[in-house]
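Peer 1: Mapped onto my numbering, the consecutive letters of the sequence shown carry residue numbers 910 to 995.
For the record, the hints were derived by calculation from the structure and aren't laboratory data. Careful: at least some of the hints might be erroneous.
Derived pair list, reagent style DSS-like, types lysine-lysine, alpha-carbon separation capped at 30 Å [as the list claims (entries may be wrong)]:
1. 992 <-> 980
2. 941 <-> 920
3. 965 <-> 939
4. 949 <-> 914
5. 965 <-> 954
6. 992 <-> 954
7. 920 <-> 949
8. 992 <-> 949
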Amino acid sequence: MVEGKVVVRNKVGLHARPAAMFVQEAMRYKSKITVEAAGKKADGKSILQVLALGVKAGQEIIVRADGQDEKEAVQSLVCLAGKDVE
(Lines of atoms letter the chains of each structure in order from A and count residues from 1; the text may use other names and numbers.)
(Lines give C-alpha, C1' and ligand atoms only; values in the text may rest on other atoms or scores of the structure.)
Protein backbone atom coordinates (compact mmCIF):
# COMPACT_ATOMS: atom_id res chain seq x y z
CA MET A 1 0.00 0.00 0.00
CA VAL A 2 1.18 3.48 -0.92
CA GLU A 3 -0.23 6.74 0.38
CA GLY A 4 0.25 10.40 -0.31
CA LYS A 5 -0.98 13.58 1.36
CA VAL A 6 -1.98 16.68 -0.55
CA VAL A 7 -3.72 19.98 0.10
CA VAL A 8 -6.61 20.45 -2.32
CA ARG A 9 -5.93 23.62 -4.31
CA ASN A 10 -9.10 23.88 -6.37
CA LYS A 11 -11.16 26.86 -5.20
CA VAL A 12 -14.32 24.73 -4.95
CA GLY A 13 -12.57 21.75 -3.36
CA LEU A 14 -13.42 18.25 -4.60
CA HIS A 15 -16.90 19.17 -5.78
CA ALA A 16 -18.69 18.40 -9.06
CA ARG A 17 -16.21 18.67 -11.94
CA PRO A 18 -12.97 18.34 -9.91
CA ALA A 19 -14.40 15.26 -8.17
CA ALA A 20 -15.44 13.78 -11.51
CA MET A 21 -11.94 14.36 -12.89
CA PHE A 22 -10.43 12.72 -9.79
CA VAL A 23 -12.68 9.65 -10.12
CA GLN A 24 -12.01 9.40 -13.88
CA GLU A 25 -8.28 9.38 -13.19
CA ALA A 26 -8.69 6.83 -10.39
CA MET A 27 -10.60 4.51 -12.73
CA ARG A 28 -7.52 4.27 -14.97
CA TYR A 29 -5.77 2.19 -12.31
CA LYS A 30 -6.32 -1.39 -11.24
CA SER A 31 -5.40 -0.70 -7.61
CA LYS A 32 -8.00 -0.16 -4.92
CA ILE A 33 -8.02 3.58 -4.20
CA THR A 34 -9.30 5.28 -1.07
CA VAL A 35 -9.47 8.94 -0.12
CA GLU A 36 -9.51 10.16 3.46
CA ALA A 37 -10.48 13.64 4.63
CA ALA A 38 -11.25 14.82 8.16
CA GLY A 39 -11.35 11.23 9.40
CA LYS A 40 -13.87 10.08 6.77
CA LYS A 41 -12.93 7.54 4.09
CA ALA A 42 -14.29 7.06 0.59
CA ASP A 43 -13.79 4.78 -2.39
CA GLY A 44 -11.74 6.90 -4.78
CA LYS A 45 -13.56 5.36 -7.74
CA SER A 46 -17.03 6.37 -6.52
CA ILE A 47 -18.16 9.88 -7.42
CA LEU A 48 -20.89 9.81 -4.76
CA GLN A 49 -18.48 8.80 -2.01
CA VAL A 50 -15.87 11.38 -3.04
CA LEU A 51 -18.52 14.12 -3.12
CA ALA A 52 -19.86 12.98 0.27
CA LEU A 53 -16.46 13.75 1.83
CA GLY A 54 -17.22 17.45 1.30
CA VAL A 55 -13.57 18.34 0.72
CA LYS A 56 -13.05 22.10 0.61
CA ALA A 57 -10.24 24.20 -0.84
CA GLY A 58 -7.18 24.19 1.40
CA GLN A 59 -8.14 20.93 3.09
CA GLU A 60 -5.63 18.09 3.30
CA ILE A 61 -6.58 14.68 1.96
CA ILE A 62 -4.81 11.33 2.05
CA VAL A 63 -4.87 9.23 -1.11
CA ARG A 64 -4.15 5.52 -0.65
CA ALA A 65 -3.75 2.84 -3.30
CA ASP A 66 -3.24 -0.88 -2.92
CA GLY A 67 -2.46 -3.03 -5.94
CA GLN A 68 -0.15 -3.58 -8.86
CA ASP A 69 -0.03 0.06 -10.01
CA GLU A 70 -0.36 1.70 -6.58
CA LYS A 71 2.67 3.97 -6.85
CA GLU A 72 1.63 5.44 -10.19
CA ALA A 73 -1.96 5.86 -9.02
CA VAL A 74 -1.03 7.81 -5.89
CA GLN A 75 1.45 10.02 -7.75
CA SER A 76 -1.10 10.89 -10.42
CA LEU A 77 -4.01 11.52 -8.04
CA VAL A 78 -1.96 13.59 -5.60
CA CYS A 79 -0.74 15.71 -8.52
CA LEU A 80 -4.30 16.16 -9.81
CA ALA A 81 -5.74 17.06 -6.39
CA GLY A 82 -2.96 19.59 -5.87
CA LYS A 83 -3.82 21.51 -9.05
CA ASP A 84 -6.35 24.31 -9.40
CA VAL A 85 -8.41 22.88 -12.25
CA GLU A 86 -11.45 24.63 -13.67
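Peer 1: Against each hint, give a clear statement of whether it holds in the structure.
Peer 2: Results of checking the hints against the structure:
1. 992 <-> 980: 19 Å, holds
2. 941 <-> 920: Holds, at about 27 Å.
3. 965 <-> 939: 27 Å, holds
4. 949 <-> 914: 14 Å, holds
5. 965 <-> 954: Holds, because 19 Å separates the two Cα atoms, which is no more than 30 Å.
6. 992 <-> 954: It holds: about 19 Å lies between the C-alpha atoms, which stays within 30 Å.
7. 920 <-> 949: OK: residue 920 and residue 949 at ~21 Å, within 30 Å.
8. 992 <-> 949: Within the cut-off at roughly 22 Å; holds.
In summary, the structure agrees with every hint in the numbered list given earlier.
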